[in-house]
Amino acid sequence: MSATTQIPLVNYLVLGDTPHLQANECTSCGARYFDRRNACAGCFGTEFRTVDIATEGEVRSFTIVTFAAPGVPVPFVAAIVDCNGTSVRANLINVEPSPEHVKLGMKVKLATYSLGTDDNGVEAIGFGFEPA
Amino acid sequence: MADDIYILGIKMTKFGKHPDKDTVDLASEAAMAALADGGVTMKDMGILAAGCLMGQGSIGQQIQKQIGQTGIPVFNVSNACATGATALRTAIMAIKAGECDMGLAVGVEKLAGAGLLGGGGKPKSDKKEWTPGGRYGAVASTDGRIGTDAMPGTFAQVGMEYGHKYGGATFELFAKIAEKNHAHSTLNPLAAYTKRMTLEEIMNDVMIAYPNTRSMCSANCDGAAAAVVVSGSKLKTMSLEQQRRAIKVSASILTSDPWQEACQVLPDVNTLTKIAAKKAYEQAGVGPEDLDLVELHDCFATAELVHYDNLGLCEEGGAVDFFNSGATWRDGKTPVNVSGGLESKGHPIAATGIANIWEVCHHLRGEAGDRQIEGAKVGLAHVIGLGSACGIHILEKSALG
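The listed protein sequences derive, respectively, from chains A and B.
Residue numbers for the first sequence follow the numbering used here, so the first one is 1 and each next one is one higher.
Residue numbers for the second sequence follow the numbering used here, so the first one is 1001 and each next one is one higher.
Derived from the structure by calculation, the hints contain no laboratory data.
In this text, a Cβ means the ideal position worked out from N, Cα and C, and glycines have one as well.
Just so you know, not all the hints are guaranteed correct.
To spell it out: a stretch of chain A is covered by chain B in this simulated footprint if at least three of its residues, at any positions, have a beta carbon under 8 angstroms from a beta carbon of chain B; those stretches are [unchecked claim]:
{"#": "1", "stretch": "8-21"}
{"#": "2", "stretch": "29-36"}
{"#": "3", "stretch": "61-67"}
{"#": "4", "stretch": "73-79"}
{"#": "5", "stretch": "87-94"}
{"#": "6", "stretch": "112-120"}
So the derived label-pair ranges between C-beta atoms look like this [unchecked claim]:
{"#": "7", "chain 1": "A", "residue 1": "Ala54", "chain 2": "B", "residue 2": "Gly1115", "range": "34 to 42 angstroms"}
{"#": "8", "chain 1": "A", "residue 1": "Asp119", "chain 2": "B", "residue 2": "Trp1259", "range": "37 to 45 angstroms"}
{"#": "9", "chain 1": "A", "residue 1": "Glu47", "chain 2": "B", "residue 2": "Gly1285", "range": "42 to 50 angstroms"}
{"#": "10", "chain 1": "A", "residue 1": "Lys107", "chain 2": "B", "residue 2": "Ala1114", "range": "34 to 42 angstroms"}
{"#": "11", "chain 1": "B", "residue 1": "Lys1333", "chain 2": "A", "residue 2": "Val14", "range": "47 to 55 angstroms"}
{"#": "12", "chain 1": "B", "residue 1": "Glu1282", "chain 2": "A", "residue 2": "Thr18", "range": "50 to 58 angstroms"}
{"#": "13", "chain 1": "B", "residue 1": "Asp1290", "chain 2": "A", "residue 2": "Glu96", "range": "44 to 52 angstroms"}
{"#": "14", "chain 1": "B", "residue 1": "Ala1036", "chain 2": "A", "residue 2": "Pro99", "range": "48 to 56 angstroms"}
{"#": "15", "chain 1": "B", "residue 1": "Gly1133", "chain 2": "A", "residue 2": "Glu130", "range": "23 to 31 angstroms"}
{"#": "16", "chain 1": "B", "residue 1": "Gly1133", "chain 2": "A", "residue 2": "Val14", "range": "17 to 25 angstroms"}
{"#": "17", "chain 1": "B", "residue 1": "Gly1326", "chain 2": "A", "residue 2": "Lys109", "range": "27 to 35 angstroms"}
{"#": "18", "chain 1": "B", "residue 1": "Gln1066", "chain 2": "A", "residue 2": "Lys107", "range": "54 to 62 angstroms"}
{"#": "19", "chain 1": "A", "residue 1": "Pro131", "chain 2": "B", "residue 2": "Lys1165", "range": "15 to 23 angstroms"}
{"#": "20", "chain 1": "A", "residue 1": "Ala54", "chain 2": "B", "residue 2": "Glu1374", "range": "54 to 62 angstroms"}
Using the sequences and the accompanying hints, generate a full structural model.
Printed below as a string of structure tokens:
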């Protein structure tokens, strides 16, 4: 095997030349979800289509976590990013985790990083948002 | 028309560390005290509803085995931090349905030294072989990689989101809210912590999840609370003293969160509280301006701010100015969390939704001692359980009082 195979941290992260997030969108009411669905929580519809989420957005809320469950490295910045009307939960990365550097309303864009390679040579890829 | 509902007896244990008592001991202590407070016994109860969120279930039957097995139906309830309010609501519904005329609701938790709640996720090997699992097909734990699962950071974002929308919500402002609640707790002998803290001490405390430092987080502790509820028609047959001390439940509301954009990304604690508040005010026929005191769910300082707005205590978007006006201090226009709140009185999860009602009843009965809000006639108690569930009760002093 020459090329390293990659696997996304979650299945709504699409890898490739232009990494992006995908959502399941309800075909009746447009509600968007990142998990697999049984039905729509908004209108109870059962038809969904896959839609791409904008890779740029604005920080609507954040916290800088300095105390977390065992095994979770700190500090990290957890945030809610408004990606052109779709709210996305993610870490803010490639930014110093301090209130002086992280601001509400700051413009950010999707970025990926490696979580490491497993025993089969598969590399896991995570995502976050970095200052745009 | 359904009969009115009254709190006949109610009690909370001291919140704090109870190393020599288990949850059954604490729940029994609260339940027996509530029964005695109401001048009734287990024989009078037609239903028992009980909750212990971190327990193994069937806490209700375990309580019965200590204080009285009479064969009545038991409902063991679980609704996150709204578990106590849910137990009370269950007993009230049974009476409203005409199934019985008296019921007992109990909430208990042992959390002293529990540390951080939420987060961590299922232990998952980050090595060997990446294997997708769960509803998101995650190959590794997402807590800390895709935001935070723990409560302090979750509620920090709730407060920061409000700040983004309306402005003015600084670290110092949130710390001042905690300063108020810690100051209030100095008058509450049942609070887990009764030490006044300066703004500086709060802001310089260990940072947990910006902007919440340790003293801006709810205090994990042990405790229980219990309430006896009775129908209005049954109360009329009881002694004048019982009627005088009985507190009218003018509204009893439980809601869950209706779907909103983003509600499955960051828990929406606002919409369901706004809906519950609107229903409660309608049911009680009172407005926020009529409230003499409010006990609201300050699981974190960042949460208290948004609930001023959600409960209609201030104009929409006006929570920062409302707090800065001094309105929510015990000598203000609308005293909030004069018990010390979850940040200082403590938050033994399933007990909280009854303990906050005990606090309000205590003032309405004129029995709150040093921290009595003089002439209190109407109060509101609010809890939020993530997931989410919101319980609101509006309570009124007896006309006989």
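Outcome of the hint check:
Chain B is given as covering the stretch 8-21 of chain A, and this holds because 5 residues of the stretch bring a CB closer than 8 angstroms to a CB of that chain, at least three being needed. With 6 residues having a Cβ less than 8 angstroms from any Cβ of chain B, the stretch 29-36 of chain A passes the three-residue criterion, so the hint holds. Note: the stretch 61-67 of chain A has 7 residues with beta-carbon separation from chain B under 8 angstroms; the three-residue rule is met and the coverage holds. Only residues whose C-beta sits within less than 8 angstroms of a C-beta in chain B count toward coverage, and the stretch 73-79 of chain A has 5 of them, enough to reach three; the restraint holds.
Here's how the stretch 87-94 of chain A fares: 5 of its residues keep a CB closer than 8 angstroms to some CB of chain B, so the rule of at least three is met and the hint holds. Under the rule that three or more residues need a Cβ within less than 8 angstroms of chain B, the assignment of the stretch 112-120 of chain A holds, with 5 such residues. Checked against the given bound of 34 to 42 angstroms, the beta carbons of alanine 54 of chain A and glycine 1115 of chain B, roughly 38 angstroms apart, stay inside it. As the Cβ distance of aspartate 119 of chain A to tryptophan 1259 of chain B is approximately 42 angstroms, the hint placing it in 37 to 45 angstroms holds.
Here the CB-CB span from glutamate 47 of chain A to glycine 1285 of chain B is close to 45 angstroms, well matched to the stated 42 to 50 angstroms. For the pair lysine 107 of chain A and alanine 1114 of chain B, the beta carbons lie near 39 angstroms from each other, so the given range of 34 to 42 angstroms is met. A hinted range of 47 to 55 angstroms for the beta carbons of lysine 1333 of chain B and valine 14 of chain A is consistent with their spacing of about 53 angstroms. Look at glutamate 1282 of chain B against threonine 18 of chain A: about 51 angstroms separates their beta carbons, and that is inside 50 to 58 angstroms.
For aspartate 1290 of chain B and glutamate 96 of chain A, the hinted distance range of 44 to 52 angstroms is satisfied, since their beta carbons lie about 48 angstroms from each other. In this structure the supplied range 48 to 56 angstroms holds for alanine 1036 of chain B paired with proline 99 of chain A, their Cβ-Cβ distance being about 51 angstroms. For glycine 1133 of chain B and glutamate 130 of chain A, the Cβ-Cβ distance of about 27 angstroms falls inside the hinted range of 23 to 31 angstroms, so the restraint holds. Here the CB-CB span from glycine 1133 of chain B to valine 14 of chain A is close to 19 angstroms, well matched to the stated 17 to 25 angstroms.
Take glycine 1326 of chain B and lysine 109 of chain A: their Cβ atoms lie about 43 angstroms apart, and the range 27 to 35 angstroms is violated. Here the CB-CB span from glutamine 1066 of chain B to lysine 107 of chain A is close to 60 angstroms, well matched to the stated 54 to 62 angstroms. Checking the proposed 15 to 23 angstroms range against proline 131 of chain A and lysine 1165 of chain B shows it holds: the Cβ atoms sit about 22 angstroms from each other. The hint said 54 to 62 angstroms for the Cβ distance between alanine 54 of chain A and glutamate 1374 of chain B, and at roughly 56 angstroms that hint holds.
Against the hints set out earlier in the document, a violation occurs for number 17 only.
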